[in-house]
Amino acid sequence: MSEEKFIHYQHAHCESGVTANLLRHEGIDISEPMAFGIGAGLFFGHIPFVKINGVPGTTYRIWPGAIFKRVAQRLQVKIHAEKFREPSKAMQALDDVLATGKPVGMLGSVFYLTYLPEAFRFHFNAHNLIAYGKESTEYLISDPIIEDVTRIAPEDLVKSRFAKGAPEPKGYMYYVTGTSKDMNMAKAIEQGIKQTCFFMLSPPVPWFGNKAIFLLADRIKSYPKKLPPRKAAQYVGNVIRMQEEIGTGGAGFRYLYAAFLQEAGQLLKRDDLAEYSTELTKIGDNWRNFAYHAARIMKERTTDLVSYDELSELLKICGRQEQELFEKLRKLKW
Amino acid sequence: MNVSEVPQDPRNIKQGDTLKKKMYAVGDDGKYTGVKSAGWEAENAALRQAWNDIDETLAETETKVRAGQLSPIPYFMQKNLMDLSLLARYMGKWQWQVKRHFKPDVFKKLSAGTLDKYARIFNITKEELTRQNPAR
Chain A
1 MSEEKFIHYQ HAHCESGVTA NLLRHEGIDI SEPMAFGIGA GLFFGHIPFV KINGVPGTTY
61 RIWPGAIFKR VAQRLQVKIH AEKFREPSKA MQALDDVLAT GKPVGMLGSV FYLTYLPEAF
121 RFHFNAHNLI AYGKESTEYL ISDPIIEDVT RIAPEDLVKS RFAKGAPEPK GYMYYVTGTS
181 KDMNMAKAIE QGIKQTCFFM LSPPVPWFGN KAIFLLADRI KSYPKKLPPR KAAQYVGNVI
241 RMQEEIGTGG AGFRYLYAAF LQEAGQLLKR DDLAEYSTEL TKIGDNWRNF AYHAARIMKE
301 RTTDLVSYDE LSELLKICGR QEQELFEKLR KLKW
Chain B
1 MNVSEVPQDP RNIKQGDTLK KKMYAVGDDG KYTGVKSAGW EAENAALRQA WNDIDETLAE
61 TETKVRAGQL SPIPYFMQKN LMDLSLLARY MGKWQWQVKR HFKPDVFKKL SAGTLDKYAR
121 IFNITKEELT RQNPAR
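Protein chains in written order, with this note's numbering: chain A, 1 to 334; chain B, 1 to 136.
Hints listed in this document are in silico derivations from the structure and should not be mistaken for laboratory results. Computed from a predicted model, the values in this text were never measured in an experiment. Positions of the beta carbon are idealized from the N, C-alpha and C atoms, including for glycine. Where hints are given, some of them may not hold.
[What the hints assert, rightly or not] Short, incomplete list of chain A residues facing chain B, as computed with Cβ under 10 Å:
(1) E263
(2) A291
(3) A294
(4) M298
Please model the complete structure; the sequences and the hints are all you need to start from.
Here's what the structure looks like:
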């Protein structure tokens, strides 16, 4: 149990940021890139038939909750995680843990987080934040995607924790209960990299992993033929938002993962990881290039087939380069 | 992306939006570091489009409410970025039940309790919900 003053650090992404901040509070000096890499956060998925807010689902990261759980497991950190049926019980449990001086991670809906800029407040229920104290009637909040600590009223926090719509957070909260001196960073890094390679290269279905990049590329090519211009622009806009707006550190988490490979390479004194970091940075630049041109096409609301064809090709470049890179990462000797 | 290339394109989409997000970029020494960014025009444009779409749909709905074709329910539903499925979930009702409440003559007969529940979900007062014309 730590009675240390909680220190807030800003990070690029909510789950990896909360992971880093909770672990740092326990004396584990871990960066966000390291948390993201060990947690095998990098991924890609495109599911044309599952529509979220009317647009096909696209994701650049692994499912919510996986990063924190995997990091805890790989670094021998004991955690307690719990869901609740009753909002009052969830808030009481939060208060009880805070009273012991422990910071608490939570899932919540971005829509009800009054401290966030209005432009970002959509119904997104898988956001992670930390409460590190309570002062009279306000909770002290460390939300890793914003620059400083902030506060929220209990009635807004409970709305956020019990927001409806899939997935429902159901008051999910988690905190560290113990750490171990037998942490093996090298092993954790190896497991993280192997798992990312598995998820990027092994899925047997077209919607997940590297294959999904090519699926999206084919879909994009068909947008001007199959969709009215406004809808095509919406679909393209959503891909840009998933890649850049939701807090990925840039290029759909690719820069964040490249930072991890670089840090892992330094720690393990491996030049190959440093090289792959550089390679992934270039791939990230190509994702940014794709987003740049996607935004241009989206703004023009063009029905120009050539533009969408070119956009599709830019995406395929990313797909091919990533396939090459992850094949190399998979073949690493440990 | 080099540290010098991290964009600082202000969003200017809603009031007071000056949050600087953290990006990862490479310094001249080749080392990754975190850099704050006020925004990137590509992502700003996508976000702006999403809000423009919402505003456009909301304006269309508002016209229909003022013309007496729809009750205020779909207006406030869209204002709160909800769809029928999500609103029905919050109300604890079937979607077809909520959809019925879109009809002005059905809306007029709703109980005070139901109106209170809608108002709470929409974060407005019952008076604002039942006003003749929806507030801008």
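Hint check:
Here the hint on E263(A) is kept, as its CB sits about 7 Å from the closest CB of chain B, short of 10 Å. Taking 10 Å as the C-beta contact cut-off toward chain B, the hint placing A291(A) at the interface holds, the least distance being around 5 Å. The beta carbon of A294(A) comes within 7 Å of a beta carbon in chain B, closer than 10 Å, and the hint placing it at the interface holds. For M298(A), the interface hint holds, since its Cβ comes within 10 Å of a Cβ in chain B; the closest pair sits about 6 Å apart.
In terms of the numbered hints stated before, the structure departs from none.
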